[in-house]
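**Q** Here is what each chain is made of, one letter per residue.
There are 2 protein chains.
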Amino acid sequence: MRNLKLTLSYEGTDFAGWQRQPDRRTVQSVVESALEPIEGAPVTIIGAGRTDAGVHAAGQVASVSLSTPIPLDELQRALNGTLPPDVRVIAIETAPIGFDARRLARHKTYRYLIWSDATMPPLLRRVAWHVTYRLDLAAMRAASATLVGRRDFVAFRSAGADDGGSVREVLSATWTLPDRAGAFVEDCAAVGDGILLRFEITGTGFLRHMVRAIVGTLVDVGRARLIPEDVARILASQDRSAAGPTAPAHGLTLWRVDYTDSRYSGTEGIIHRFTGFTG
Amino acid sequence: MRNLKLTLSYEGTDFAGWQRQPDRRTVQSVVESALEPIEGAPVTIIGAGRTDAGVHAAGQVASVSLSTPIPLDELQRALNGTLPPDVRVIAIETAPIGFDARRLARHKTYRYLIWSDATMPPLLRRVAWHVTYRLDLAAMRAASATLVGRRDFVAFRSAGADDGGSVREVLSATWTLPDRAGAFVEDCAAVGDGILLRFEITGTGFLRHMVRAIVGTLVDVGRARLIPEDVARILASQDRSAAGPTAPAHGLTLWRVDYTDSRYSGTEGIIHRFTGFTG
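Residue numbers (our numbering), protein chains in the order written: chain Z, 224 to 502; chain V, 224 to 502.
In isolation and in its complexed conformation, chain Z is listed as follows (with noise of 0.2 Å):
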C-alpha cells in the first residue's frame, strides 16, 4: 500500500459538499468513484476540509491508501480524465505512512470574496457574495484583528457536530482589497464602482460555518450595524444570536491545508510541498 496526499481544486456550486452522502453528489464521492477502477477495489479518501454545500476549494488536501503501482503522474491524468470539469487533481505526492490529510493539518486558510455595488457581475455570481450596501474597510479590519488569538468560537458556531470543543486559534484575519489593474477581476467585472473584497483566515481549525458567521458579522460591523468593539463581545457572549448572519456558501473558498509535522513530513522538500499554493 501507498500512502498518497491528493490537492484537489473544484467549484463547489453543484455538489453537495466535500462528504459522501447517500444519493448525493459530493466532492468525495466523486473522486472516490474515479479511483475505484483505477484501484480495482472501493477506495475511502479523507479530506482535510469538510467543506458545505457550494464552497469551493483551490487547494483542498485528502490522503488516501492505494495498492496499485500505476506511476503518479499517469494516475493524476487518469483520474482528470474520468473527473468533471469542475473538480480536479492538481496535484498527487507519496506521503509517509500515516499522513492523515485531516487529523495532521496543521493550518486552513479560507478566502471569501465579496461584490460590494448595486448590480452583480455575471461572471462574478459563482464566486462572490453580492453585497449592495457601501462597506466600511477600516471598520471591518479592526474587527477583525479581535478574532485573531486562541479563543471559543462557540458563538459563531452553527448547530452540528465538531470535533474537539469550541476552541479554535485564528492566527491571521485580514481584507484585501485585490489590485483590479490586470486581475482576473478586471476581465470579467470591471464595471462601475463596484468593489471586490478579499477576507483571508488562517487557523488551526474551524467550526461549523465558522467562517461565514464570522464574515457575516464582519459584514454587519462593515454596514455599521455593529461597532468593531461588538466582536469581542460576541465572542465573551458564547452566544450565536448574538452574531450576525451566516454569509453564503458561494463566496467562499477553502484556500490552502499547510502540514508541519515532522513525524509525518521527512524532509525540508516534502514540508515544503505539503504547504500547498504558496501564491
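Think of the hints as simulated: they come from the structure by calculation, not from any bench. Bear in mind that the values here come from a model prediction, so they are computed numbers and not experimental data. Idealized CB from N, CA, C, for every residue including glycine. A few of these clues could be false.
A few chain Z residues facing chain V, derived, Cβ under 10 Å [unchecked claim]:
(1) G277
(2) A280
(3) L295
(4) R300
(5) R311
(6) R348
(7) R349
(8) W398
Per label pair, the in silico range of CB-to-CB distance [to be verified]:
(9) V:T483 to Z:Y356: 30 to 40 Å
(10) V:D237 to Z:Q242: 27 to 37 Å
(11) V:Y356 to Z:V371: 16 to 26 Å
(12) Z:G388 to V:R247: 28 to 38 Å
(13) V:E452 to Z:E297: 34 to 44 Å
(14) V:A382 to Z:P307: 53 to 63 Å
(15) V:R448 to Z:D296: 22 to 32 Å
Assemble chain V onto chain Z, guided by the hints.
**A** Chain V in isolation, oriented as in the chain Z frame:
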C-alpha cells in the same frame, strides 16, 4: 420616444449568442423580453457586437427607443430584477436622437484568456481556453504586431455574411500576463506552474470569428507550428485554410465599445460616458 444606451454584461455559457433566433435563448431576446412589460409593447434592441454562442461580454452596448417615462435608475433596477443572473444591465444613459449602437460604434475591444498548464482549474473553465502546451510569448507578440493596421482580414473570416467587405483596421493587438499577485486568478487558480495569458485586440470592427481565428493562429505561433512571419503571409494569402484553427468561444469576452462621433455625442461628458469601461 427616448433613445437609450444600455451597457450589458453577460456570461455567454448558456446563451446561443447575442442575436435573436426562433426558439433559442439569446441575450437579445432575454433583454427584449424583460423590456416588453415595462414598455407595454414589443421592443427591439440593437447590439454593438453580435457575439457568438458562448462568448461573454463585460461591456456590450445596445441602443433602444422607449416611450415609457420611467426614470433610468428605476428602469435599470426593474430590468435587473427580471433578468436571469447571467445577464445584467450595468448602466443606462440617455443617448442622442439617432444613436445606433452598432452603426456608430467606432472601436470595439475584445479580450481572450488562455490558461496554459496540464490541468484546468475548475473556477476558470468557463472563461479561459485550456491549452496544455507551453507558449512562446515573444513569438506571439511579434506575430500580433503584424496584424495592426488597415488590412483585408478575409483569411481570418469564417463563412457567413459580414457588413461592408472584409477590410478592417486593427488599432492594437497585445498579449499580457495578468499579475497573479492580488488577482482573482490567484483566488481561484494559483495552481502549480499554470500561466494565464490575456490577448486584447481593438479595432474598427471584426469579421465573423475573426478574433477567434486570430487567437487560434497566434497560439499556433506560440507552439512553433508557425513562425511570426507566417501571419503576414496568411493575411496576404486571403485564404482561410492558411490560418490556424478557430479558438473556442468561451475564452472570448467583448470588453468594451467606444463611440466618439460628435454628431451623436453632444458634450465631452457624453463622449466620455460613451467610451464605457476605462479600467
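**Q** Hint by hint, note whether the structure agrees.
**A** Okay, the hints, checked on the actual structure:
1. G277: 13 Å, violated
2. A280: 9 Å, holds
3. L295: This interface hint is violated because 13 Å lies over the 10 Å limit.
4. R300: 8 Å, holds
5. R311: 5 Å, holds
6. R348: At about 5 Å, which falls below the 10 Å cut-off, the nearest Cβ of chain V leaves the hint on R348 of chain Z intact, so it holds.
7. R349: 8 Å, holds
8. W398: At 13 Å from the nearest chain V Cβ, W398 of chain Z fails the 10 Å test, so the hint is violated.
9. V:T483 to Z:Y356: 30 to 40 Å: Hint holds: Cβ distance 35 Å, inside 30 to 40 Å.
10. V:D237 to Z:Q242: 27 to 37 Å: 29 Å, holds
11. V:Y356 to Z:V371: 16 to 26 Å: 45 Å, violated
12. Z:G388 to V:R247: 28 to 38 Å: 56 Å, violated
13. V:E452 to Z:E297: 34 to 44 Å: 39 Å, holds
14. V:A382 to Z:P307: 53 to 63 Å: Given a distance of about 34 Å, which is not inside 53 to 63 Å, the answer is violated.
15. V:R448 to Z:D296: 22 to 32 Å: 25 Å, holds
The structure is inconsistent with the numbered hints 1, 3, 8, 11, 12 and 14, although it conforms to all the rest.
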